[in-house]
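Peer 1: Fit chain B to the given chain A structure using the hints.
Number of protein chains: 2
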Amino acid sequence: MSKQRTAFFISDGTGITSEALGVSLLTRFEDHHFEKVTLPYVDTVEKAHETAAKINAAAERDGAKAIIFDTIVQDDIRKVIKKSAGLMIDIFAAFLGPLEKELGTQSSYNVGRTRITKNTRYDERIDAVNYALDNDDGARTKLYDQADVILIGVSRSGKTPTCLYLAMQYGIKAANYPLTEEDIEDQKLPKSLKQHRNKLFGLTIEPERLAMIRHERRANSRYSSIKQCNYEVEEVELMYRRERIPFMNTTHYSVEEIATRIMVKAEIVRRC
Amino acid sequence: MSKQRTAFFISDGTGITSEALGVSLLTRFEDHHFEKVTLPYVDTVEKAHETAAKINAAAERDGAKAIIFDTIVQDDIRKVIKKSAGLMIDIFAAFLGPLEKELGTQSSYNVGRTRITKNTRYDERIDAVNYALDNDDGARTKLYDQADVILIGVSRSGKTPTCLYLAMQYGIKAANYPLTEEDIEDQKLPKSLKQHRNKLFGLTIEPERLAMIRHERRANSRYSSIKQCNYEVEEVELMYRRERIPFMNTTHYSVEEIATRIMVKAEIVRRC
Chain A
300 MSKQRTAFFI SDGTGITSEA LGVSLLTRFE DHHFEKVTLP YVDTVEKAHE TAAKINAAAE
360 RDGAKAIIFD TIVQDDIRKV IKKSAGLMID IFAAFLGPLE KELGTQSSYN VGRTRITKNT
420 RYDERIDAVN YALDNDDGAR TKLYDQADVI LIGVSRSGKT PTCLYLAMQY GIKAANYPLT
480 EEDIEDQKLP KSLKQHRNKL FGLTIEPERL AMIRHERRAN SRYSSIKQCN YEVEEVELMY
540 RRERIPFMNT THYSVEEIAT RIMVKAEIVR RC
Chain B
300 MSKQRTAFFI SDGTGITSEA LGVSLLTRFE DHHFEKVTLP YVDTVEKAHE TAAKINAAAE
360 RDGAKAIIFD TIVQDDIRKV IKKSAGLMID IFAAFLGPLE KELGTQSSYN VGRTRITKNT
420 RYDERIDAVN YALDNDDGAR TKLYDQADVI LIGVSRSGKT PTCLYLAMQY GIKAANYPLT
480 EEDIEDQKLP KSLKQHRNKL FGLTIEPERL AMIRHERRAN SRYSSIKQCN YEVEEVELMY
540 RRERIPFMNT THYSVEEIAT RIMVKAEIVR RC
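Line by line, the protein sequences give chains A and B. For the first sequence, the tail end lands on 571 under this note's numbering, and the numbers increase by one without skipping. For the second sequence, the tail end lands on 571 under this note's numbering, and the numbers increase by one without skipping.
Pulled out of the complex, with its shape left as it was, chain A reads as follows (with noise of 0.2 Å):
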C-alpha cells in the first residue's frame, strides 16, 4: 500500500477550474490515495503563506510531499507556494512561455478587463437562470418564442436540472415541458410545442432507473411502478421518433454531460 498523499487545489478564484484539472490528472493514479483540499481565493502574498503552512503541515503528517495543483495568476503569490513542501503542477510557469514565444508578446495581466466581461456574463446567466425558472415545468408556454432550446420528457427523465445548468453555464433560456400521460395517450404533440418544433429536444431514461427515482418522491404508487414508468418511456420514445425530435438517454451521465451533449446533438450556441 502506498503512502497518503494530500493534494492541493489552489486559485486567486473560486478554485473549481484547478480543482477540476487536478483531479483528472489525479484520476490515472489510482492506486494512490489522495485526502484533497480545495483552498480558493488565495490572492494576496499573505494568504500565500498561510497556504505554504497548510502545505507544509500535510506535507509532515503524511511523511511525503503534497501535490499542488493552482491557477494563480500573480507571479508573486505563486512563488511563495512554490518554497513549500509540494510537488507543484504550475501550468501557468509550464505555458505562459511556450504562448509568449508563439504569439510573439510578452504576457500580461490586467485585472480590471476580466471583471468587465465577467459582469456582462453574470447579467445574460441570471437572466438564463430567471428565464428556466420562470418556464420550468410547462408553467408558462408563452414565452417560448425566446426560448433556445425546449427539453421535453415525462416526469422526472431530468429536464429542469439540465435547463438550470445549460442557464448558468452558458447562459442558454431552455424552457422544460413534461410530457403527461394525457400527451402520450393522444398520441400526438401538445398544440403548445408544434409551433416550436424546430427548438424540442426530447430526454429519455431507462425505465429501471425511472422507476428508482419515482419511488424516492411517490414510493409503492401507480407513477413510480416500473409498469407505469415502461409504458411512458416506450411511448414517448415513438413519439421523439414519428416527429423527428432529436433526443438523448440521460441515465448514465452527468448534469453538465447532459447539456454539453445537448448543445452538440441540437446545435445550440451559446450566449455567454
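Please note that the accuracy of each hint is not assured.
Said to hold, decoys possible - Straight-line distance between alpha carbons at most 25 Å, and here's what the computed SDA-like set of lysine to any residue pairs gives:
id, chain 1, residue 1, chain 2, residue 2
1, B, 353, A, 394
2, A, 378, B, 391
3, B, 487, B, 426
Claimed, not checked - To give an idea of the chain B side of the interface with chain A (calculated C-beta under 7 Å), a few residues:
id, residue
4, 320
5, 388
6, 425
7, 491
Just so you know, the hints here were simulated from the structure itself, not pulled from any lab data. Ideal placement from N, C-alpha and C gives every residue a C-beta, glycine not left out.
Peer 2: Quick look at chain B alone, frame taken from chain A:
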C-alpha cells in the same frame, strides 16, 4: 494590430475544464484577439482526425498556428491532434511525467472507475437541486433541519441562483428565505429562522444595483424605487449585524464566486 488566432478548447468530456483553463491563460495576452472554439467529446481517434482537420482549416484561414488547450486523457487521441497546425498546451503530456516520478508509479487509465464516482456525485447533486427548488423563496420551512445552509436576504439579492449553484456544483442543500418588509418592520428574525440560526447566511447588494434588477421585473413601482431599495438594504444589514449573522455583498461577484465565498465564510463542507 496582431493577427487573429483561433483558440481550441478540446476535451474527451464536456470541455468545461479545458475552456476555463485556456481562457484564464489567454486573458494574459490582451493585445490579441482570439476566436474561441470549444469541441467537447473528442473521444475516438476518428473524431481526433476530424478535429485536426478543423484546426488545420483555422490555421490556414488565420495565416497563423491555432492555440490548442486540451484535457484529453487517452494518449492515442492526443497524438493525432498534436500533429495538426497548432501550438498544443498539452497538460497531460507536461505533467504526467513529473507526477509519475514523484509518486513512483506509472499512470494508468481506467474508465470504469471514474464512471462509478460520477454516478454517486450525480445523485447527490440532483437531490440537492431538488432540495433547493423545493425550499426556494421560503416556500417551506419544515425541511430546514436538512439544510446545510439557509440564505436570507431581500427580494432579488441573488439567493435562488446561489442556492442552485451550491447544489449543482457541490451537492450542498441550500434553502433560501426572503426577508419581507414585514420581517424588516418587526426588526427581528422570523420565528422559522430563529431555531436554525447557525445555518443562516445573509446576502446583501448595493441599493442602486437592486433597484435596476427590480426595475426589470416591475418597472416604476414602489418595489423597484431607489428609496425602497435603500430602506430594505439598510435594515437587513442592521439585522445581520445585530443578530450576528455572517453576510456578504453580492454586487460585484459572479454566481460561482458568491457560492464559493459563502462556503469559505460559513465553513460549509461540500457533499461531493
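Peer 1: Each hint should be assessed against the structure and marked as holding or not.
Peer 2: Going through the hints against the structure:
1. Restraint check for residue 353/B and residue 394/A: the C-alpha separation of about 23 Å stays at or below 25 Å, so the hint holds.
2. A hinted pair counts as satisfied when its Cα atoms are at most 25 Å apart, and residue 378/A with residue 391/B qualifies at roughly 23 Å.
3. A distance of roughly 32 Å separates the Cα atoms of residue 487/B and residue 426/B; the hinted pair therefore is violated under the 25 Å criterion.
4. Checking residue 320/B against chain A by beta carbon gives a least distance of about 5 Å; that is within 7 Å, so the hint holds.
5. Because the smallest distance between the Cβ of residue 388/B and any Cβ of chain A comes to about 5 Å, under 7 Å, the interface hint for this residue holds.
6. Against a cut-off of 7 Å between C-beta atoms, the interface hint on residue 425/B holds, since the closest Cβ of chain A lies about 6 Å away.
7. Residue-level restraint check for residue 491/B is violated (minimum Cβ-Cβ distance to chain A is 22 Å; threshold 7 Å).
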